[in-house]
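Protein chains in written order, with our numbering: chain A, 1 to 283; chain B, 1 to 367; chain C, 1 to 194.
FYI, nobody ran anything at the bench for these hints, they're computed from the structure. It is possible that some hints are incorrect.
Said to hold, decoys possible - Straight-line distance between alpha carbons at most 27 Å, and here's what the computed DSS-like set of lysine-lysine pairs gives:
#: 1; chain 1: B; residue 1: K332; chain 2: A; residue 2: K168
#: 2; chain 1: B; residue 1: K332; chain 2: A; residue 2: K260
#: 3; chain 1: A; residue 1: K222; chain 2: A; residue 2: K115
One-letter residues, chain by chain:
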Amino acid sequence: MPDGAYNYAYLDEQTKRMIRRAILKAVAVPGYQVPFGGREMPLPYGWGTGGIQVTAAIIGQDDTLKVIDQGADDTTNAVSIRRFFARVADVATTTRTEEATVIQTRHRVPETPLKDGQILVFQVPIPEPLRMLEPRETETRTLHALTEYGVMQVSLYESIARHGRIAKTYNYPVLVNGRYMMSPSPIPKFDNPKLDNNPALQLYGAGREKRIYAVPPYTSVKSLDFEDHPFEIETWTECCALCDSKESFLDEMIVDDAGKRMFVCSDTDYCQERQQQHRPEKT
Amino acid sequence: MYVAVKGGETAIANSLDLVADKRRGSRDLAELTLEQIDQQLGLAVDRVMTEGSCYDRALAALAIKQARGDLVEAIFLLRAYRTTLPRFGDTQPLDTTQMVAERRISSTFKDVPGGQVLGPTYDYTHRLLDFSLAAAGERPEAPTAPVDAGQALPRVGDILEREGMLEPPPAQDGDASQDITRTPLVLPADRPVRLQNLARGDEGFLLALGYSTQRGYGNNHPFVGEIRYGQVPVAFAPEELGFEIEIAEIDVTECDMVNQFAGAHNIPPQFTRGYGLAFGHAERKAMAMALVDRALRAGELSENATSPAQDEEFVLSHSDSVEASGFVQHLKLPHYVDFQSELVVVRTLRAEVEERNRQTVLDQAAE
Amino acid sequence: MTALAAGFDDSSHDSQRVFRAVLDAFSHPGRILAIPAKVEAPGALSIAATAFLLTLVDRETPLWLAPDLDSAEVRDFVRFHTGAPIAPVTAAAAFALITPARQPMLDGFAIGSDPYPDRSATLVIEVPALRGGPNRTLRGPGIDGSIIAGIAGLADSFWSEWAANRALFPCGVDVVFAAGSELLALPRSIAVQC
């Protein structure tokens with residue numbers, strides 16, 4: 001490792017043990033936010049320090065790491081975090097979802113289905129799903145203890161009353177294993193169904209707020225809704241301009257001064273895989 | 001062309017080069033040394049050590065140099081180094097009565113045992129730019145009287161306390177060493193935890209909160225019982241040795257704030273304490289900390305807690321500059337996906353409103 | 001005093017690999033995982049329990065030792081390699097090392113509270129084998145439908161204790177069974193059918 005002043009994967013071993021213990025409790029109580037002694041990381045709070053701490057505590061030389069931000073491997077923050085781990089953890093990196101053993105993500109779940117044995121690490125800004133409805137930790141902790149989630153139901157119902165639909169589009173609250181209400185992090189609600197009964201382990205790290213939570217593999221994750229207003233995801237009339245996908249989450253891009261739009265897959269790996277399948281490489 | 005999110009790797013590498021270049025500035029000028037920063041920007045070093053929770057002047061100076069003088073950034077650099085250091089144990093509590101004080105004042109008594117020692121302070125300078133500093137040239141050293149290092153300096157508060165006028169200091173808690181940099185904040189917090197949080201807290205944030213108490217948002221009628229600045233020994237008792245050894249001498253600023261208190265159900269009227277401590281020379285920080293510490297004791301003293309400075313959860317959750325700076329600045333990160341989701345739903349809602357309006361017009365036309 | 005058993009060859013990388021095995025076990029209750037590191041076990045401890053301790057306990061986590069596993073050798077090993085304080089009573093333990101000889105097995109350990117269910121003990125239970133015992137059907141988070149576990153050496157009463165523990169959810173203890181160099185986890189969320 002080039003930076004001899006720091007331990008393997010940056011964190012000292014005592015800190016890793018503390019985070020590892022928190023992760024095990026998080027897995028044992030799915031969706032419950034475990035407080036942990038979050039440390040300063042060499043990247044700023046709000047830029048993925050929770051995810052980075054979780055990744056640093058689990059990663060090893062046998063791993064292959066993929067890092068995405070907004071679904072893409074080549075966005076600046078994804079590049080920065082991938083370089084950080086290549087530097088401090090001497091770990092192989094990849095952009096291919098199916099090759100990765102650990103995937104750290106901000107704001108997306110890959111389109112390619114995950115497998116048993118993979119770990120998806122989410123970067124979480126505000127872990128408390130009720131925070132914008134109740135700013136006090138002392139209050140929200142009690143609400144979780146009592147499974148008292150009426151305040152969220154009321155909020156969603158008000159949205160229906162005002163807009164005719166639930167207008168919440170990302171960070172859409174879910175109920176895990178029928179017990180804990182959980183923030184899925186600011187993924188678009190398009191990705192919520194992928195969290196349910198997923199064969200991969202999902203770990204969520206909130207660095208500034210010092211919370212870790214988890215969804216074990218094959219665990220029920222239900223997006224909140226009402227019988228007369230069932231949960232639904234975003235749809236596009238367009239398809240991806242690069243790979244023709246009609247199933248993936250599309251980013252909208254403004255391509256000229258006249259405001260002309262183009263839609264492409266947010267998940268760059270998925271898009272490239274499809275492009276290669278459709279147009280075999282010329283030799 | 002599909003270029004908006006491409007080329008991240010090269011762009012970042014170039015940006016890193018550029019910021020390193022900016023830091024160096026003009027090559028026509030000599031590079032700052034860490035010793036120069038330590039000696040000539042000493043108060044910046046003090047602040048970085050305090051809020052960085054790491055007493056090391058050379059590392060703090062390095063952080064300031066690397067951050068181009070941005071102290072919040074420097075605090076962040078030092079914290080991110082500190083957090084990786086292994087722990088050997090806890091030192092004994094500092095005994096500030098053993099301080100070799102360079103400065104020590106009380107605003108509650110005209111004279112106090114040990115005397116008022118003005119020491120180095122900007123308090124009585126005229127804030128006129130001193131253009132002689134812009135020119136080269138040395139100034140002669142200031143004469144100082146020899147310091148009596150052997151004399152213990154009693155606290156002003158102790159004198160009031162003997163009379164029963166001031167509440168006694170909190171009982172020595174055998175297990176007061178819960179380290180907030182190792183364990184997460186649990187609310188409600190006890191006073192040792194609050195004090196640690198405030199000691200690391202952003203000076204500007206604490207200053208504004210302390211100020212707000214003086215303007216009526218949770219007033220606690222403060223007097224500066226005492227401010228002292230100087231060197232104190234740090235002692236450590238390794239388990240295998242079984243006795244204390246002195247491992248360092250550090251500079252600290254301590255503020256004992258004395259506050260009026262009307263009394264409560266079973267406490268007679270008396271003065272109460274607010275406490276501030278900072279590394280190096282940092283009176284503004286220590287005083288602000290003491291004001292906020294006292295304000296946060298509202299619950300314990302059965303006072304009405306209605307103001308921001310008295311709101312423990314609000315204060316403790318927002319005092320840390322490294323957390324605050326990071327989260328505010330994370331808004332610079334891409335949010336394409338969330339924004340896209342919002343675009344989709346806002347368009348849908350707008351289309352529905354337009355459709356309803358069109359229908360209304362048609363209905364009205366049909367009537 | 002006997003010579004102290006060796007810890008990990010490479011504590012950073014060995015403990016990372018062992019942790020991933022433990023995490024895998026917690027994420028897939030009922031699945032048997034092999035310890036991917038070499039370690040010498042002190043006293044009556046198994047390799048799996050020893051590796052678990054080296055990976056997860058330290059001076060911040062009081063460890064309770066059941067009398068039948070407690071020995072000067074084990075204590076010296078724990079003190080030297082992990083620094084964990086030995087918990088004087090079960091209620092003070094973050095981790096505990098027990099065998100089925102303890103009856104009732106799960107009694108007296110911290111179960112957390114409704115606001116803080118994470119403040120609960122994790123028990124490592126030494127058993128003779130993770131296979132070949134009476135079959136039980138496990139269901140819950142981490143399990144695709146159901147899985148059969150045949151842990152040996154447990155009295156039937158353990159499973160009624162487990163049902164009571166499960167009923168405390170989200171409170172309750174979490175269990176890791178250790179035998180030889182293998183382990184199997186049973187987090188509190190798992191329902192077991194006889």
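Next item on the list: For the pair we were handed, K332 of chain B and K168 of chain A, check the Cα-Cα distance against 27 Å.
Entry: Roughly 22 Å between the alpha carbons, so the hint for K332 of chain B and K168 of chain A holds.
Straight-line alpha-carbon gap K332 of chain B to K260 of chain A, limit 27 Å | holds, 25 Å
Point to revise | Pair hint outcome, K222 of chain A versus K115 of chain A [Cα-Cα no greater than 27 Å] | key: holds, 20 Å
Of the numbered hints listed earlier, not one is contradicted by the structure.
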